[in-house]
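Using the sequences and the hints given, assemble the complete structure.
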Amino acid sequence: ITRSKRASEYGNVREIKISVVARNNTVIKQLVLEAKKMYEKDAEHRIHVYIPETWGGWRWNGSRQKRPLDSVVLESSVKDMLVSDCKDFMNSEDWYAERGIPYRRGYLLYGVPGSGKSSLVAALAGELDLNIYALSLSAKGMSDNTLMQLMGRIPTRCIVLLEDLDASFTHSTTRDKKSTGAPTVSEKATEPDGNTLTLSGLLNAIDGVTAPEGRILIATTNHIDRLDEALRRPGRMD
40 ITRSKRASEY GNVREIKISV VARNNTVIKQ LVLEAKKMYE KDAEHRIHVY IPETWGGWRW
100 NGSRQKRPLD SVVLESSVKD MLVSDCKDFM NSEDWYAERG IPYRRGYLLY GVPGSGKSSL
160 VAALAGELDL NIYALSLSAK GMSDNTLMQL MGRIPTRCIV LLEDLDASFT HSTTRDKKST
220 GAPTVSEKAT EPDGNTLTLS GLLNAIDGVT APEGRILIAT TNHIDRLDEA LRRPGRMD
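Going by our numbering, the sequence shown opens with residue 40, and the numbers climb by one from there.
Hints should not be assumed to be uniformly reliable.
[Claimed, not checked] Quick list of simulated restraints, FRET-style, between CB atoms:
| # | residue 1 | residue 2 | range |
| --- | --- | --- | --- |
| 1 | Arg42 | Lys68 | 13 to 23 angstroms |
| 2 | Gly247 | Asn63 | 45 to 55 angstroms |
| 3 | Glu132 | Ala61 | 17 to 27 angstroms |
[Claimed, not checked] Below, a list of computed lysine-lysine pairs in the DSSO-like style, where the Cα atoms sit at most 30 angstroms apart:
| # | residue 1 | residue 2 |
| --- | --- | --- |
| 4 | Lys56 | Lys76 |
| 5 | Lys105 | Lys118 |
| 6 | Lys118 | Lys76 |
| 7 | Lys126 | Lys75 |
Don't read these hints as lab results, they were simulated from the structure. For glycine and all other residues, C-beta sits at the position ideal for the given N, C-alpha and C.
And the structure:
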């Protein structure tokens, strides 16, 4: 058994090569099938988390046991409303298509640190049987182009998690209060870590012409009052 890692256009790829001395490959086929069965059985009770690779791809960052919604301290009516709305969205692709509406859904969770925002996302992913694609907009090297590439490589039927949204645009391209007209530059990002992401770039990535469809976008923030009104627009993030 040998393990290897190589780079591809989608990021780093990890491979396992298994060799046996035999007249045919029946033994390996049986081994792979058995491993697949064990994996699928275990996957029924787990969700998978993916994070960005260096070059605009995604890599697996582990899995976790599905968390019961009952374990999240939040009013039952709020949890029920969120789950119901998500399920309704996932079953309404034809409805969106018939009306020419982009098939997207976004939620904004806000509250003080430690209030359970991330826990709610994890529990929701388990309830809906969806994997999580988590990214930090304040990460080193993040740019409009990198974010566009990452969003373009997200599969349908998943949760895209943007954590601590308020911490991402201390210096950025912003819009006016009415969110109309072209963005204006307040203080373009010139951080030493190379992060040049702008608000305009984020809006295009999540809600522009080339933005992916069929995914649930969830953003979290500790300070909703610090967010540009364009991010809080009804229908983009509710």
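Against the structure shown, which of the earlier numbered hints fail to hold, in ascending order? 3 and 6
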